[in-house]
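Visitor: Sequence:
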Amino acid sequence: MAVGYVSSAHAQAAQTATSPPKKACKAPNELVHLDWPMPRLTAAFRKGEVIRIVALGSSSTQGAGASSKAASYPSRLLVELQHRFPEHKFEVVNLGIGGQLARDMLARIASAVLPLDPDLVIWQTGVNDAIRGVKISEFQSTVDAGLNLMQKHGIDVVLLNHQYYPGAARLPNFPSYLRIMKAISTERKIPLLRRYEIMQHMVTSSQFSVEELLAPDKFHLNDTSYRCLGEVMADALAEELTTVASRAGLRTHVSGP
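Taken in order, the sequence shown gives residues 30 to 286; the numbers are from this note's numbering.
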């Protein structure tokens with residue numbers, strides 16, 4: 030299996046390769062804010078250590094629909110974090126494999142995630158399970174098992190829910206999947222970035238059309254929505270990092286998005 034490393038040394042190249050379009054990506058603070066702390070991530074930030082982030086997921090993480098690897102959301106996330114915190118070093122490892130279910134990702138946590146000893150794992154999951162009709166109870170048990178394993182090793186986790194796309198309305202279990210991911214987040218005090226609601230807001234607020242945010246298959250993301258996801262995720266993490274740094278009395282140079 031190929032592991033997609035995106036190191037800080039490649040951030041400028043990725044930024045050049047995918048010059049962002051003019052439209053800004055705006056979402057309400059309540060959708061961007063992460064409700065629960067990330068102690069390992071913030072500790073590494075305070076100490077000035079290289080921060081390693083693993084992006085675990087399916088095609089949305091791998092970058093299906095993007096024009097290049099540099100346009101995937103993990104690559105864009107790295108560019109945005111380095112831009113916001115130029116005095117800090119970040120690594121983002123892309124462990125996205127298209128078509129995988131939560132149980133497939135669970136099997137990869139021990140073999141592919143834990144050996145990297147990341148400070149943070151962003152776990153994008155659920156949409157393929159919903160499409161294939163995996164029972165909600167089975168999905169929840171799988172996610173809980175993965176969270177247990179990562180938390181046992183002291184790894185912070187952010188959950189990332191489904192993309193917003195027209196076909197979701199035809200899946201009777203889709204709302205239940207969104208609710209269960211929110212419930213897991215609340216019950217376990219695990220941060221959740223609500224991608225579905227964020228993308229939906231960008232469409233209903235007339236910032237973008239559905240066609241502007243999706244690939245021609247009307248399911249996968251494209252360069253624009255991957256850029257937006259990278260920016261919004263960076264905003265969410267930056268809020269936590271700057272808050273903790275301020276409380277610790279650290280001077281941190283933060284560049285705007």
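FYI, nobody ran anything at the bench for these hints, they're computed from the structure.
Quantities reported herein were computed from a predicted structural model and do not represent experimental measurements.
Among the hints, erroneous ones may be present.
No farther apart than 27 Å at their CA atoms in a straight line, the calculated lysine-lysine pairs in the DSS-like style are these [what the hints assert, rightly or not]: (1) K218 / K181; (2) K218 / K164; (3) K247 / K98; (4) K76 / K118; (5) K164 / K181; (6) K98 / K118; (7) K164 / K55; (8) K118 / K164; (9) K164 / K76; (10) K181 / K247; (11) K181 / K211; (12) K52 / K164; (13) K211 / K164; (14) K118 / K181; (15) K247 / K52; (16) K76 / K181; (17) K118 / K55; (18) K55 / K181; (19) K247 / K211; (20) K247 / K164.
Visitor: Against this structure, judge whether each hint is valid.
Guide: Results of checking the hints against the structure:
Taking the CA atoms of K218 and K181, the gap is about 15 Å. The hint holds against a cut of 27 Å. A hinted pair counts as satisfied when its Cα atoms are at most 27 Å apart, and K218 with K164 qualifies at roughly 23 Å. This hinted pair checks out: K247 and K98 have alpha carbons roughly 20 Å apart, not beyond 27 Å. Straight-line distance between C-alpha atoms of K76 and K118 comes to about 11 Å, which keeps the hinted pair within the 27 Å bound.
As the CA atoms of K164 and K181 are separated by approximately 26 Å, the hinted pair is consistent with the 27 Å bound. For a cut-off of 27 Å, the pair hint linking K98 to K118 stands: about 20 Å separates their Cα positions. Distance check on the hinted pair: K164 and K55 sit about 34 Å apart at the alpha-carbon level, beyond 27 Å; violated. Restraint check: the Cα-Cα separation between K118 and K164 comes to about 41 Å, which exceeds 27 Å; the hinted pair is violated.
Note on K164 and K76: the hinted pairing is violated, with a Cα-Cα distance of about 43 Å set against a maximum of 27 Å. With a C-alpha separation of about 38 Å, the suggested pairing of K181 with K247 is violated against the 27 Å cut-off. Taking the CA atoms of K181 and K211, the gap is about 21 Å. The hint holds against a cut of 27 Å. At roughly 39 Å between alpha-carbon atoms, K52 and K164 are farther apart than 27 Å, so this suggested pair is violated.
Distance restraint check for K211 and K164: the Cα-Cα separation of roughly 16 Å lies within the 27 Å cut-off, and the hinted pair is therefore satisfied. Between K118 and K181 the alpha-carbon distance is near 25 Å, which keeps this suggested pair within the 27 Å criterion. For the given pair, K247 sits about 20 Å from K52 by alpha-carbon distance, which is consistent with the 27 Å threshold. A distance of roughly 22 Å separates the Cα atoms of K76 and K181; the hinted pair therefore holds under the 27 Å criterion.
For the given pair, K118 sits about 26 Å from K55 by alpha-carbon distance, which is consistent with the 27 Å threshold. About 35 Å separates the Cα atoms of K55 and K181, which puts this hinted pair outside 27 Å; it is violated. For the given pair, K247 sits about 25 Å from K211 by alpha-carbon distance, which is consistent with the 27 Å threshold. A distance of roughly 25 Å separates the Cα atoms of K247 and K164; the hinted pair therefore holds under the 27 Å criterion.
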